[in-house]
Amino acid sequence: MKTLHGFFSHGFPNCFHMGPLQNAITANFPHALDEQAHHIRDIIQHAKQHEARSVEPSIEAQNEWVAEIRRRAVFHKRFQTECTPGYYNNEGHPEAGSGFAGEQYAAQPQKYFTVIRRWRAEGMPGLDLG
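For the sequence shown, position 79 (counting from the first letter as 1) is numbered 79 according to my numbering, and the numbering increases by one without interruption.
Just so you know, these hints were derived from the structure itself, not from any lab. Note that the coordinates shown come from a computational prediction; the quantities given were computed from them, not determined experimentally. Using N, Cα and C, we set each Cβ at its ideal position, and we do this for glycine too. Incorrect hints may appear among the rest.
Straight-line distance between alpha carbons at most 25 Å, and here's what the computed PhoX-like set of lysine-lysine pairs gives [said to hold, decoys possible]: (1) Lys77 <-> Lys2; (2) Lys111 <-> Lys2; (3) Lys111 <-> Lys77.
Computed spacing ranges between beta-carbons, pair by pair [said to hold, decoys possible]: (4) His31 <-> Gly123: 24 to 32 Å; (5) Cys83 <-> Ala52: 38 to 46 Å; (6) Thr81 <-> Lys48: 39 to 47 Å; (7) Glu64 <-> Asp42: 17 to 25 Å; (8) Asp128 <-> Leu33: 23 to 31 Å; (9) Phe12 <-> Gly123: 17 to 25 Å; (10) Ser58 <-> Gln80: 23 to 31 Å.
Construct the complete structure from the given sequences, taking the supplied hints into account.
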């Protein structure tokens, strides 16, 4: 699955994802869910302020985020290569490019939360309102 910040995917308007997909890894999962809930709330408020009926990321913004996730996912490489072959590691060949981008944001959670807060403060670039 490809997303923007782990929350939504191009072509699926108004569909929000919650959980660890392309998102922060935290020791306290409820904290991550709380941050995610606030993020989604702010996106919905932004849409209402602009009288939009739908929100989804642009394909460009989504692709930029997936590239960032994959760039930072280097530390998963050994694990994915040595792990039992399956869907999540392209049957034991993670570098062959299955299209799956299920990694988490590999920096500290506070850095991720700063990234999404900054994105909101900058007017949510790459968010298409319909």
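Return the numbers of the hints above that this structure violates; sort them in rising order. Nothing - there is no hint that the structure violates, so all of them hold.
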